[in-house]
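Asks: Spelled out, the chains give:
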Amino acid sequence: SAVISQKPSRDICQRGTSLTIQCQVDSQVTMMFWYRQQPGQSLTLIATANQGSEATYESGFVIDKFPISRPNLTFSTLTVSNMSPEDSSIYLCSVDPGQGRGGYTFGSGTRLTVV
Amino acid sequence: GENVEQHPSTLSVQEGDSAVIKCTYSDSASNYFPWYKQELGKGPQLIIDIRSNVGEKKDQRIAVTLNKTAKHFSLHITETQPEDSAVYFCAPHGSARQLTFGSGTQLTVLP
Chain A
1 SAVISQKPSR DICQRGTSLT IQCQVDSQVT MMFWYRQQPG QSLTLIATAN
51 QGSEATYESG FVIDKFPISR PNLTFSTLTV SNMSPEDSSI YLCSVDPGQG
101 RGGYTFGSGT RLTVV
Chain B
1 GENVEQHPST LSVQEGDSAV IKCTYSDSAS NYFPWYKQEL GKGPQLIIDI
51 RSNVGEKKDQ RIAVTLNKTA KHFSLHITET QPEDSAVYFC APHGSARQLT
101 FGSGTQLTVL P
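Top to bottom, those sequences are chains A and B. Going by our numbering, the residue at position 109 of the first sequence is 109; the numbering climbs one at a time, nothing skipped. Going by our numbering, the residue at position 23 of the second sequence is 23; the numbering climbs one at a time, nothing skipped.
Treat the hints as calculated values from the structure; they're not laboratory data. Beta carbons: idealized from backbone N, C-alpha and C, even for Gly. Any given hint might turn out to be false.
From the derived model, a few chain A residues whose C-beta atoms are all more than 12 Å from chain B [said to hold, decoys possible]: (1) 9; (2) 18; (3) 74; (4) 96; (5) 115.
Short derived list, chain A residues pointing at chain B, Cβ under 7 Å [claimed, not checked]: (6) 33; (7) 42; (8) 43; (9) 48; (10) 52; (11) 98; (12) 103; (13) 106; (14) 108.
All chains should be built: construct the whole structure from the sequences, respecting the hints.
Replies: So this is what it looks like as structure tokens:
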């Protein structure tokens, strides 16, 4: 299965600033996903990022707040913009190995605290 | 979209006992049924999965059973050990390719 390197692992940020989270995959994958996991909660999909096209955002998430880049088949970034304390969460990237194999792989997560 | 319900939300068992977690889904087109384990400070990790043409799958101490008619599948862990303590999520694949996660089950194995 794919191996994902996600950075940073954690950060403490001032409100009003932005943080960019990076995910590097050790193989080429078509679909990458970004999730948010609030403390003690399940995972909520933010957006799906395909290389060469605009990311598709889920209800409640907008591009201005969570811009995503997907410059190639092994890399993606998620930016959390104009942060407020409500953005404090764990953010995770995930990849679909493709070809119907299932078994999505996740990064180790970025624990964000906004003060 | 897919509606997913997972029960129980918390489960405590004595070491050596069995644990069962159930997931109910709504999309009759779902054809892939994974279970993920999330340890503290880590991302979810796939531990077992089953496809809709199979009723049961076993891998050492863990097994997954599927009832497509009733639209539910279950995770079974036998001979539980302290390292099994974690949060477990079901994530049935419906018509869309993205995962829809259950609400999670915090499993605690008591020594």
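Asks: Compare the structure with each hint and give your call.
Replies: Quick rundown of the hints versus the structure:
The non-interface label for residue 9 of chain A is inconsistent with chain B: the shortest C-beta to C-beta separation is roughly 8 Å, within 12 Å. No beta-carbon of chain B is positioned within 12 Å of the beta-carbon of residue 18 of chain A; the least distance is around 23 Å. Residue-level check passed: residue 74 of chain A sits 18 Å from the nearest beta carbon of chain B, beyond 12 Å. With a minimum CB-CB distance of about 6 Å to chain B, residue 96 of chain A fails to clear the 12 Å threshold, and the non-interface call is violated.
Residue-level check passed: residue 115 of chain A sits 20 Å from the nearest beta carbon of chain B, beyond 12 Å. For residue 33 of chain A, the shortest C-beta to C-beta distance to chain B is roughly 6 Å, which falls under 7 Å, so the interface hint holds. Against a cut-off of 7 Å between C-beta atoms, the interface hint on residue 42 of chain A holds, since the closest Cβ of chain B lies about 5 Å away. Interface hint status for residue 43 of chain A: upheld, as the beta-carbon distance to the closest one in chain B is roughly 5 Å, under 7 Å.
Annotation: residue 48 of chain A was flagged as interfacial toward chain B, and the flag holds, the nearest CB pair being 6 Å apart, inside 7 Å. Look at residue 52 of chain A: its Cβ only gets to about 17 Å from chain B, farther than 7 Å, so that hint breaks. Restraint check, residue 98 of chain A versus chain B: the minimum CB separation of about 10 Å is more than 7 Å; hint violated. Residue-level restraint check for residue 103 of chain A holds (minimum Cβ-Cβ distance to chain B is 5 Å; threshold 7 Å).
Here the hint on residue 106 of chain A is kept, as its CB sits about 3 Å from the closest CB of chain B, short of 7 Å. The restraint placing residue 108 of chain A at the interface with chain B holds, with a minimum CB-CB distance near 5 Å, inside the 7 Å limit.
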